[in-house]
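Under the working numbering, read the first sequence as residues 1 to 571, first letter to last.
Hints are computed from structural coordinates only; laboratory data are not their basis.
Careful: at least some of the hints might be erroneous.
To be verified - Restricting the straight-line Cα-Cα distance to at most 27 Å, the calculated cross-link-like pairs of lysine-lysine (BS3-like) are:
1. Lys34 x Lys91
2. Lys486 x Lys514
3. Lys34 x Lys516
4. Lys261 x Lys325
5. Lys480 x Lys12
6. Lys486 x Lys532
7. Lys34 x Lys514
8. Lys34 x Lys12
9. Lys514 x Lys532
10. Lys186 x Lys138
11. Lys535 x Lys480
12. Lys261 x Lys362
13. Lys235 x Lys416
14. Lys535 x Lys514
15. Lys486 x Lys535
16. Lys516 x Lys535
17. Lys100 x Lys34
18. Lys516 x Lys480
19. Lys235 x Lys91
20. Lys235 x Lys186
21. Lys416 x Lys91
22. Lys516 x Lys12
23. Lys138 x Lys416
24. Lys532 x Lys480
From a predicted model like this one, the values you see are computed outputs, not experimental measurements.
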Amino acid sequence: MRLTNYLLPTLKESPADAEIASHKLMLRAGMIRKVAAGIYTYLPLGLRSVRKVEQIVREEMDRAGALELLMPMVVPAELWQESERWEQYGKELLRLRDRKDTEFCLSPTHEEVITDVVRGTVRSYRQLPLNLYQIQGKFRDEIRPRFGLMRGREFIMKDAYSFDLDDAGADSSYEKMYQAYQNIFKRCGLEFRAVEADTGNIGGSSSHEFMVLADSGEDAIVSCDCCDYAANVEKAQIRLARQEEPQPQGEIAQVATPGKKTIAEVAQFLGLPESRLIKTLLVRTDAGEQLAVLLRGDRDLNEIKLCRFLDCVEVEMVDEANVVKMTGAPSGFAGPVGLDCRIIADHEVRTMVDCVVGANIKDSHCSGVNPGRDFEVEQYVDLRQAQTGDGCPRCAGTLQSWRGIEVGHVFKLGTKYSQALGATVLDRNGKDVALVMGCYGIGIGRTVAAAIEQNHDDNGIIFPMAIAPFQVLITLLNPKDQQVVKAGEELYNQLLQAGIEVLLDDRDERPGSKFKDADLIGIPIRVTVGNKALKDDQFEIQLRAVGERQMMPTDETAPWLIAEVNRQLVR
RNA sequence: CGGGGUGUAGCGCAGCCUGGUAGCGCACCUGCCUUGGGAGCAGGGGGUCGGAGGUUCGAAUCCUCUCGCCCCGACCA
Numbered sequence: 001m002r003l004t005n006y007l008l009p010t011l012k013e014s015p016a017d018a019e020i021a022s023h024k025l026m027l028r029a030g031m032i033r034k035v036a037a038g039i040y041t042y043l044p045l046g047l048r049s050v051r052k053v054e055q056i057v058r059e060e061m062d063r064a065g066a067l068e069l070l071m072p073m074v075v076p077a078e079l080w081q082e083s084e085r086w087e088q089y090g091k092e093l094l095r096l097r098d099r100k101d102t103e104f105c106l107s108p109t110h111e112e113v114i115t116d117v118v119r120g121t122v123r124s125y126r127q128l129p130l131n132l133y134q135i136q137g138k139f140r141d142e143i144r145p146r147f148g149l150m151r152g153r154e155f156i157m158k159d160a161y162s163f164d165l166d167d168a169g170a171d172s173s174y175e176k177m178y179q180a181y182q183n184i185f186k187r188c189g190l191e192f193r194a195v196e197a198d199t200g201n202i203g204g205s206s207s208h209e210f211m212v213l214a215d216s217g218e219d220a221i222v223s224c225d226c227c228d229y230a231a232n233v234e235k236a237q238i239r240l241a242r243q244e245e246p247q248p249q250g251e252i253a254q255v256a257t258p259g260k261k262t263i264a265e266v267a268q269f270l271g272l273p274e275s276r277l278i279k280t281l282l283v284r285t286d287a288g289e290q291l292a293v294l295l296r297g298d299r300d301l302n303e304i305k306l307c308r309f310l311d312c313v314e315v316e317m318v319d320e321a322n323v324v325k326m327t328g329a330p331s332g333f334a335g336p337v338g339l340d341c342r343i344i345a346d347h348e349v350r351t352m353v354d355c356v357v358g359a360n361i362k363d364s365h366c367s368g369v370n371p372g373r374d375f376e377v378e379q380y381v382d383l384r385q386a387q388t389g390d391g392c393p394r395c396a397g398t399l400q401s402w403r404g405i406e407v408g409h410v411f412k413l414g415t416k417y418s419q420a421l422g423a424t425v426l427d428r429n430g431k432d433v434a435l436v437m438g439c440y441g442i443g444i445g446r447t448v449a450a451a452i453e454q455n456h457d458d459n460g461i462i463f464p465m466a467i468a469p470f471q472v473l474i475t476l477l478n479p480k481d482q483q484v485v486k487a488g489e490e491l492y493n494q495l496l497q498a499g500i501e502v503l504l505d506d507r508d509e510r511p512g513s514k515f516k517d518a519d520l521i522g523i524p525i526r527v528t529v530g531n532k533a534l535k536d537d538q539f540e541i542q543l544r545a546v547g548e549r550q551m552m553p554t555d556e557t558a559p560w561l562i563a564e565v566n567r568q569l570v571r
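Using the sequences and the accompanying hints, generate a full structural model.
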């Protein structure tokens, strides 16, 4: 492709509403343009990267035995009513009516549609296993779209759905997808982790998220430094520290802590580490129960673990009026001693000795407090958020925490949708059996964004070869110099014939602008054709990731480039 | 949804407080000049100042409403 025939609207400055590197760079490099909040046009350069990821996904899905199909984006309400998600899904589901006033939605995911297809086409266990996928635009009316393609409302997703006769078959389908995902993200040149994930309120068994490691990631994950345990912090378990029988020393005593309401304030005021305090959280479940949750002062509550333990969908902090009602004091001074409600605590609290808790009296805390002696805990549970330094639940190793961008998710669905929609087959015995399903998603645009997040510098993007919009960029320094044009075009044609994706910068611009654009758009290999080097029959080669320039005889350049492109693809 | 902010040329911004016929940089067009890291000079095009209503002789500026966009939001006793 010649740049003079291309649309490459690069920007010197980043638009004010872009926050993170990938968003800024994709806008500046002319890959995307915003149309509305969370809705983007993919410009030619951006689309090429998107297509690269799609193609890798397609190849690996096909290799894993999945079949591509394409479902509609506009889906009748009645399908969603059958699964009862029409009511459950909430505002993320964009609903609309046609001219006959029939209700539809823009489908944010396709369990209903695919299940409908399968129930109408698959009758026998002999047709299983089946794994169907599509690569399609999805719409979710996110509360807060942000970070460009990272969290858009409209986005491109690969979603796959597997159907098996039984759990063993479903496990095998899941394993295949897990492996395919490993291949896909490896081929994309990403540094990632597959982590155990919370299954959310869909319930069901296992689930893994594929996380690209990046500081700007919206998810927190932990991984073990010894074994391969890795999990989303929402899910991460923590090895129990060895417990010695606590030996209470002190006597309980009320201390004045005027106006000191937070853990940090109280700890500082009393000159104690936060770990000597017990944090007393008063929460209310969605069923209306109010209870106290205790944690070591320097720990954070993992609300998902709490919900799972309490068997509820969400909990909220009790409001000020009810804090007063429960404790007799304003918020900031709640403690477990003498508290008249159910009390549960994180395991760690059991080992704490002579600690400080709220006194349930305004401007007062109690010191010398000991669990078991001074108050009763109904149950000790794993409730805290895992963090760096915590023990691995699988081995003697230590957990390390990271930020991650969720680019893929594999999930065992069970029979939720097949039962709701009546997707059954006859088994060997001629008996009707509900299909066991799995679903598997990959955010295509997000994968491109994550790759940029992970591969950029101050000057711009540094694309991994596999998803670069072009593999080689040839910059003609003096496009009016016939020698330069001739040599450059010859190389260009050689590369094209070899199937290399090459972009020829034949614009009549100053060298500086061309180099800046080249760095910005991040094509992995750059060849500079200038009249000086050409006098010695040489081109200049520069790898975007490395930066150093090297001279190369013109007749050796094409073969070298072809080899280098392939070398970087295999990696 | 709550809190905060913002909306002026394609992009980045000033002007608003203190009302008086809209400006800067980049980009774009023409010409000259220049050509190894976003050159220079000269000329030029482009704006219903997000929208509606109001106050006023006069509104980008003040008031009311409205829409868009951005940021933060269980953080904890």
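Checked hints:
1. Lys34 x Lys91: Given pair Lys34, Lys91 holds - Cα atoms ~22 Å apart, limit 27 Å.
2. Lys486 x Lys514: The hint holds at about 19 Å.
3. Lys34 x Lys516: holds, 23 Å
4. Lys261 x Lys325: holds, 17 Å
5. Lys480 x Lys12: holds, 26 Å
6. Lys486 x Lys532: holds, 14 Å
7. Lys34 x Lys514: holds, 25 Å
8. Lys34 x Lys12: holds, 17 Å
9. Lys514 x Lys532: holds, 17 Å
10. Lys186 x Lys138: holds, 25 Å
11. Lys535 x Lys480: OK: Lys535 and Lys480 at ~16 Å, within 27 Å.
12. Lys261 x Lys362: holds, 10 Å
13. Lys235 x Lys416: holds, 22 Å
14. Lys535 x Lys514: holds, 22 Å
15. Lys486 x Lys535: holds, 13 Å
16. Lys516 x Lys535: holds, 25 Å
17. Lys100 x Lys34: Violated - the C-alpha atoms of Lys34 and Lys100 are around 32 Å apart, more than 27 Å.
18. Lys516 x Lys480: holds, 20 Å
19. Lys235 x Lys91: Holds: Lys235 and Lys91 sit about 26 Å apart, inside 27 Å.
20. Lys235 x Lys186: holds, 25 Å
21. Lys416 x Lys91: Given pair Lys416, Lys91 holds - Cα atoms ~22 Å apart, limit 27 Å.
22. Lys516 x Lys12: holds, 9 Å
23. Lys138 x Lys416: holds, 22 Å
24. Lys532 x Lys480: Distance ~14 Å between Lys532 and Lys480 Cα, so the pair holds.
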